[in-house]
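2 protein chains.
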Amino acid sequence: METTVRFGIIGIGNMGRAHALSLLEEIQGAELAAVCDLRPESLEWAGEHLPDHVLKFSHTGDLFTSGAIDAVLISTPHYDHPTLAVEAFKHGLHVLVEKPAGVYTKAVQEMNDAAAESDRIFGIMYNQRTNPLYQKLRDLIGSGELGEIRRTNWIITNWYRSQSYYDSGGWRATWAGEGGGVLLNQDPHQLDLWQWTTGMMPTRVRAFCQFGKYRKIEVEDDVTAYVEYENGATGLFVTTTGEAPGTNRFEVTGDNGKIVLEDGKLTFWRLRTPEPQFNAEYKGGFGSPECWKCEIPVESGDGGQHKGILRNFTNAILKGTPLLAPGEEGILGLTLSNAIYLSAWTDNWVELPIDADLFYEKLAEKIQRSNFQKDGTQGATLDVSGTH
Amino acid sequence: METTVRFGIIGIGNMGRAHALSLLEEIQGAELAAVCDLRPESLEWAGEHLPDHVLKFSHTGDLFTSGAIDAVLISTPHYDHPTLAVEAFKHGLHVLVEKPAGVYTKAVQEMNDAAAESDRIFGIMYNQRTNPLYQKLRDLIGSGELGEIRRTNWIITNWYRSQSYYDSGGWRATWAGEGGGVLLNQDPHQLDLWQWTTGMMPTRVRAFCQFGKYRKIEVEDDVTAYVEYENGATGLFVTTTGEAPGTNRFEVTGDNGKIVLEDGKLTFWRLRTPEPQFNAEYKGGFGSPECWKCEIPVESGDGGQHKGILRNFTNAILKGTPLLAPGEEGILGLTLSNAIYLSAWTDNWVELPIDADLFYEKLAEKIQRSNFQKDGTQGATLDVSGTH
Chain L
14 METTVRFGII GIGNMGRAHA LSLLEEIQGA ELAAVCDLRP ESLEWAGEHL PDHVLKFSHT
74 GDLFTSGAID AVLISTPHYD HPTLAVEAFK HGLHVLVEKP AGVYTKAVQE MNDAAAESDR
134 IFGIMYNQRT NPLYQKLRDL IGSGELGEIR RTNWIITNWY RSQSYYDSGG WRATWAGEGG
194 GVLLNQDPHQ LDLWQWTTGM MPTRVRAFCQ FGKYRKIEVE DDVTAYVEYE NGATGLFVTT
254 TGEAPGTNRF EVTGDNGKIV LEDGKLTFWR LRTPEPQFNA EYKGGFGSPE CWKCEIPVES
314 GDGGQHKGIL RNFTNAILKG TPLLAPGEEG ILGLTLSNAI YLSAWTDNWV ELPIDADLFY
374 EKLAEKIQRS NFQKDGTQGA TLDVSGTH
Chain H
14 METTVRFGII GIGNMGRAHA LSLLEEIQGA ELAAVCDLRP ESLEWAGEHL PDHVLKFSHT
74 GDLFTSGAID AVLISTPHYD HPTLAVEAFK HGLHVLVEKP AGVYTKAVQE MNDAAAESDR
134 IFGIMYNQRT NPLYQKLRDL IGSGELGEIR RTNWIITNWY RSQSYYDSGG WRATWAGEGG
194 GVLLNQDPHQ LDLWQWTTGM MPTRVRAFCQ FGKYRKIEVE DDVTAYVEYE NGATGLFVTT
254 TGEAPGTNRF EVTGDNGKIV LEDGKLTFWR LRTPEPQFNA EYKGGFGSPE CWKCEIPVES
314 GDGGQHKGIL RNFTNAILKG TPLLAPGEEG ILGLTLSNAI YLSAWTDNWV ELPIDADLFY
374 EKLAEKIQRS NFQKDGTQGA TLDVSGTH
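Going down the list, the sequences are from chains L and H.
Under my numbering, the letters of the first sequence match residues 14 to 401, in that order.
Under my numbering, the letters of the second sequence match residues 14 to 401, in that order.
Any given hint might turn out to be false.
Where chains are identical, the list cannot tell them apart; a pair therefore holds if satisfied intra-copy or between any two copies.
[What the hints assert, rightly or not] Pairs of lysine-lysine residues, derived as DSBU-like cross-links and limited to a Cα-Cα distance of at most 30 Å, are as follows: (1) K149 - K278; (2) K226 - K296; (3) K379 - K296; (4) K103 - K69; (5) K296 - K229; (6) K306 - K69; (7) K103 - K229; (8) K379 - K119; (9) K306 - K226; (10) K332 - K306; (11) K320 - K278; (12) K296 - K332; (13) K226 - K375.
Please keep in mind that the hints were generated in silico from the structure rather than gathered at the bench.
Could you build the full structure based on these sequences and the hints that come with them?
Pasting the structure below:
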């Protein structure tokens, strides 16, 4: 039985560097064995900041065949996540992939298929799943406290990004370089949590995207998405990088009242009698069910975040601990953003599961006309502490 | 010059009775001279509760030609508002019409045309325009404090109504009897305030209505409407009678921050530097404009509400005081609800101004198939104190 997981990190950019430092010392049972990046300046950074025993590769092929690692953490640009994961599985490696799982579900499905054929552990860096707030919300819904869900409404507009942010990397906010805007770069956590906390994926989506509305970018920076669920519930997801100070307010309504997650607090307006029962029994005019405003206790702290996911993934390999964020689930949040784009592009409803080929075709057209010609040299590195 | 306005009230149902009692004593310069209702039980109520000198009519024709009144207050079922107003103008009367202005804009436009041809005063009972909260919001936006508007988002889901409410009158929540559901009965104030506080009407609407989702009714009890404005701003209006406890939260975002109206409080998250200026000058990565959370003082009290409108309308007649709620503006909120229905019925975008003939045609189809056959005897009277 293994006692240590030897990690190789592919992509020593913004997040990769943070992960490297975490793996160096802070994750029990994990060890940073290698890093890989095709950019000389990233390897230079690695040379300066990482111990000599950490191997440095500029080609993933060499990393995969090195025999020096048991697992890869993929923190490259989004487009490369699925292809690298497929390669890694072929080499018998465990895979932890950064969010988003990829840019289009067609590729991500291939990654999931490769994972299914492998006996290796497959995780995704959905670090917000460690956040006690979202865990508690999921608990309140999953345990039935809220009852049948009627509406979800997430206003997540506090992703402010200035033009200078977008100008910091030529690949940023381009169809060819990044594959999308606020939905793909800023919102993957919320798109995941929207379905993970509620346990529901929509059946259809009607969405409205504005492209380059607030910034000189070719992708979307403002989105309103309306969804419908199988049980008749409806939902909204509103997001932008253009507003300041923005809002982060997630309201979920159910048969037993409503829950609002805002300002780091979870408030449950709980009906004393479930609404359907009240409605069946009430004989008056304007009455409504008695309601208690309940402040829900939430474990303090951030739940571990990236390090929490690294620990959980490591323990899944070493001890069979269940994954908090199985890699296969990355396709769910991505399906939501793909569906939103497709609805905006076609100005029409999009049913789920989406037509992955059609999405890929439409995306390919955008890439074809993209301002960004991928040359691999334009990636600047920003200090992302506390931003993801 | 007149020193007293002699009012006749048409429709002594729920609201009409409250207005009658107000006019009896509480409105300076106003006098209740007559009431009119075709339902014997309403005239019976009038006989018991109103002084003998208040004339009682069962036919509007008799009221109009009585010479006993200077103004009518029309608080009949919605469908009759425009036709009665047109008649009243023909008889040289001032008109104060209850909300909504009518059920379809085609008829309301005819009412507005009749008002334009008349030299009489025309008001609408938009009593929430007297509310200091909405007046202050309108002030903050109109004075430019918020800057150019970017998004409006009103969650108005605290209109809980049980099945027993709907069962209390056979006309309620039917296409033939009432002409709509939550949009037409509960939301007229919010639909008006949505445009009145912001000073903006959308250019197009894409909306989603569920009909009889929570209650056994043929009209809508759940609505999500997305709108776009000429300046590029977007908006949302979410409403239902099926949720408890529901939410009433109106968020407006602009170049200078955001304003949230919730729980009777107005909070302005004000940017120290307007966002466009910050964005133009900022050279860093993840920075955002400095923001101050400002608690905006609002005059206490409810601003007078129905009595406030009655006073203002009376003073408009007697002293030329500007109307807080000119009758002609009733078509604006109604245009919004008509556009929302039309978008849901056609499952498509609706451009403003709407095709009033098409809306009327679609509505007529609904009326044709309506469960309610209007017989004028089914109106029950509920105690509506504090509900409108």
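Quiz item: How do K103 and K69 come out at 30 Å by Cα distance, when the copy is not named: within, between, both, or neither?
Solution: within (21 Å within a copy, 90 Å between copies)
Quiz prompt | Intra/inter-copy verdict for K296 and K229 if alpha-carbon distance must be at most 30 Å | solution = between (58 Å within a copy, 15 Å between copies)
Quiz item: Within a copy, between copies, both or neither: where do K226 and K375 come within 30 Å Cα-Cα?
Solution: Within one copy only: 20 Å inside, 36 Å across.
Quiz item: Under a CA distance limit of 30 Å, which applies to K379 and K296: within one copy, between copies, both, or neither?
Solution: Answer is between; shortest inter-copy Cα gap is 29 Å, intra-copy 58 Å.
Quiz item: Is it within a copy, between copies, both, or neither that the alpha carbon of K332 lies no farther than 30 Å from that of K306?
Solution: Classified as neither: same-chain Cα gap 41 Å, cross-chain 48 Å, threshold 30 Å.
Exercise. Could you figure out if K149 and K278 sit no more than 30 Å apart (CA to CA) within one copy, between two copies, both or neither?
Key: both (11 Å within a copy, 29 Å between copies)
Quiz prompt | Homomeric proximity label, K379 with K119: Cα distance no greater than 30 Å | solution = Within one copy, since 16 Å is at most 30 Å while 44 Å is not.
Quiz item: What label fits K226 with K296 when the C-alpha limit is 30 Å: within, between, both, or neither?
Solution: For K226 and K296, only the inter-copy Cα distance (20 Å) is at most 30 Å; the intra-copy one is 51 Å.
Exercise. Up to 30 Å between alpha-carbons, please classify K320 paired with K278: within, between, both or neither.
Key: within (23 Å within a copy, 40 Å between copies)
Quiz item: Can you tell me if K103 and K229 fall within 30 Å by alpha carbon in one copy, between copies, both or neither?
Solution: neither (41 Å within a copy, 57 Å between copies)
Quiz prompt | Up to 30 Å CA-CA - K332 versus K296, copy category | solution = neither (58 Å within a copy, 47 Å between copies)
Practice problem: Could you place K306 and K69 in one of the four classes (within, between, both, neither) given a Cα distance threshold of 30 Å? | Solution: Neither: 55 Å inside a chain and 48 Å across chains, both beyond 30 Å.
Checked against the numbered hints listed earlier, the structure breaks hints 6, 7, 10, 12; every other hint is satisfied.
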